[in-house]
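Q: Take the sequence shown: its letter number 97 is residue 102 in our numbering, and every next letter is one higher.
No lab work stands behind these hints: they were computed from the structure. Honestly, I wouldn't trust all of these hints.
[As the list claims (entries may be wrong)] Lysine-lysine pairs mimicking DSSO-like chemistry, simulated, CA-CA at most 27 Å apart:
hint	residue 1	residue 2
1	K147	K163
2	K267	K279
3	K175	K209
4	K82	K171
5	K141	K279
6	K184	K141
7	K274	K82
8	K120	K19
9	K82	K221
10	K267	K175
11	K61	K82
12	K15	K120
13	K267	K291
14	K171	K147
15	K110	K147
16	K19	K31
17	K175	K163
18	K15	K31
19	K221	K120
20	K209	K245
21	K245	K147
22	K274	K221
23	K279	K291
24	K171	K120
25	K61	K279
26	K31	K61
27	K120	K175
28	K245	K291
29	K120	K274
30	K291	K274
31	K163	K209
32	K147	K274
33	K141	K175
34	K267	K245
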Amino acid sequence: MKHTAVDLLKWARKELEHSHVPSAGKDAEAIFAHSFNMRRENIYAMKAFTPEPVRKALFRHSVRLRASRFPLQYILKNTDFMGLTFSLEEGVFIPRPETELLVEKILGIIGPMRKSRVNILEIGTGCGNIAISLTKMARGCKIIVSDVSRNALDVAEKNARAHRVKKDIKFVQSNYFDKISAIYYNYFDIIVSNPPYVIRSQIKTLQPEIAYEDIKALDGGADGIYAYRRILSEGTRYLKRGGALALEIGYNRRTAIERLLKNDGRFFKIDFYKDYNGYDRILIAKKRRGTR
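Could you build the full structure based on these sequences and the hints that come with them?
A: This is how it looks when you write it as structure tokens:
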């Protein structure tokens, strides 16, 4: 039996809608383009379509996989961030659009520095989207990135090679600051992280796709601010006096994190920025001069 592109897309959309997949139509188109190796915008322009049996089987398998709530990004093996494309593999944290605001705020910090070299440390790099975006978009960035996951670091290195910035990024397998050498105390102009911030008891209430990601990249402990305590207690010594701490924060966590910073006492000019949904999402704080 012959099938047109429209026939296959209708079937796919129905399968995905039956499983309550958000954006079922767009996901069906993305899987179609991926399976048949074509640009998404060309799908409906085809006058004739005779799918190869192998590709047709791949399409059906991928649709059923997505219907099981397997993340679309893992099916496509890539995702877009800051206008760039990043390779992804199952278990590596999937970048969210909100994190683009974190990159934008850091670019705003780098601009006025007027330095030929800006030293940055990123904790929990995932697929490397933050570090690579910064290196591509700002001159002089030299970045050390860490992640506890070897798999994530391998993917991040692959992305750095693909974007031709590997020479500007050093990769370290480390749980927070455990493997970051003491020679870097008071060294970094900026420390950046999108740390785990989901309250542990709430993880099971999130969308089903979360189960396929690295839970360690999401689990913020009993109160959602475990990572922020560690970054403040262990990481501040790595930041230059006057340097900037740039962090993404979770929903409704501003008050608790602001209290942490004020109790710590080593930071001033503590600013929070809202995302496009109106939630406090980004924290930028400057380290006081004269503090360790």
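Q: Would you mind marking each hint as holding or not holding in the structure?
A: Hint-by-hint comparison with the structure:
1. A C-alpha spacing of about 17 Å is found between K147 and K163, which places the hinted pair at or below 27 Å, so the restraint holds.
2. Restraint check for K267 and K279: satisfied, since their Cα atoms lie roughly 20 Å apart, inside the 27 Å limit.
3. A threshold of 27 Å between alpha carbons decides the hint, and for K175 with K209 the separation of about 34 Å lies outside it, so the pair is violated.
4. In summary, the hint linking K82 to K171 is supported, as the alpha carbons are separated by about 20 Å, within the 27 Å threshold.
5. In summary, the hint linking K141 to K279 is supported, as the alpha carbons are separated by about 25 Å, within the 27 Å threshold.
6. Our distance criterion of 27 Å between C-alpha atoms is met by K184 and K141, whose separation comes to about 26 Å.
7. With a CA separation close to 40 Å, the supplied pair K274 and K82 exceeds the 27 Å bound.
8. The hinted pair formed by K120 and K19 fails the criterion: a straight-line CA distance of about 54 Å is larger than 27 Å.
9. For the given pair, K82 sits about 20 Å from K221 by alpha-carbon distance, which is consistent with the 27 Å threshold.
10. Distance check on the hinted pair: K267 and K175 sit about 32 Å apart at the alpha-carbon level, beyond 27 Å; violated.
11. Using a Cα cut-off of 27 Å, the hinted pair K61 and K82 holds, with the two alpha carbons roughly 18 Å apart.
12. Distance restraint check for K15 and K120: the Cα-Cα separation of roughly 54 Å exceeds the 27 Å cut-off, and the hinted pair is therefore not satisfied.
13. Distance check on the hinted pair: K267 and K291 sit about 12 Å apart at the alpha-carbon level, within 27 Å; holds.
14. Among the hinted pairs, K171 with K147 is consistent with the structure: their alpha-carbon atoms are about 10 Å apart, no more than 27 Å.
15. About 17 Å separates the Cα atoms of K110 and K147, which keeps this hinted pair within 27 Å; it holds.
16. Between K19 and K31, the direct Cα distance comes to roughly 12 Å. Compliance with the 27 Å bound is thereby established for this hinted pair.
17. Between K175 and K163 the alpha-carbon distance is near 13 Å, which keeps this suggested pair within the 27 Å criterion.
18. Only pairs whose Cα atoms come within 27 Å are accepted, and K15 paired with K31 is accepted, the gap being roughly 12 Å.
19. Taking the CA atoms of K221 and K120, the gap is about 35 Å. The hint is violated against a cut of 27 Å.
20. The suggested pairing of K209 with K245 is violated, with an alpha-carbon distance near 39 Å, which exceeds 27 Å.
21. Under the criterion of a C-alpha separation no larger than 27 Å, the hint pairing K245 with K147 is consistent with the structure, at around 15 Å.
22. Our distance criterion of 27 Å between C-alpha atoms is broken by K274 and K221, whose separation comes to about 30 Å.
23. Proximity of K279 to K291 is assessed by CA-CA distance (about 18 Å); at most 27 Å being required, the pair is judged to hold.
24. With a C-alpha separation of about 21 Å, the suggested pair K171 and K120 falls inside the 27 Å cut-off, and the hint holds.
25. Under the criterion of a C-alpha separation no larger than 27 Å, the hint pairing K61 with K279 is inconsistent with the structure, at around 44 Å.
26. Restraint check: the Cα-Cα separation between K31 and K61 comes to about 18 Å, which is no more than 27 Å; the hinted pair holds.
27. Note on K120 and K175: the hinted pairing holds, with a Cα-Cα distance of about 20 Å set against a maximum of 27 Å.
28. A distance of roughly 9 Å separates the Cα atoms of K245 and K291; the hinted pair therefore holds under the 27 Å criterion.
29. Straight-line distance between C-alpha atoms of K120 and K274 comes to about 21 Å, which keeps the hinted pair within the 27 Å bound.
30. Straight-line distance between C-alpha atoms of K291 and K274 comes to about 6 Å, which keeps the hinted pair within the 27 Å bound.
31. Distance hint between K163 and K209 is unfulfilled; the C-alpha atoms sit about 31 Å from each other, more than 27 Å.
32. As the CA atoms of K147 and K274 are separated by approximately 25 Å, the hinted pair is consistent with the 27 Å bound.
33. Only pairs whose Cα atoms come within 27 Å are accepted, and K141 paired with K175 is accepted, the gap being roughly 15 Å.
34. At most 27 Å may separate the alpha-carbon atoms for a hinted pair to count; K267 and K245 meet this at roughly 18 Å.
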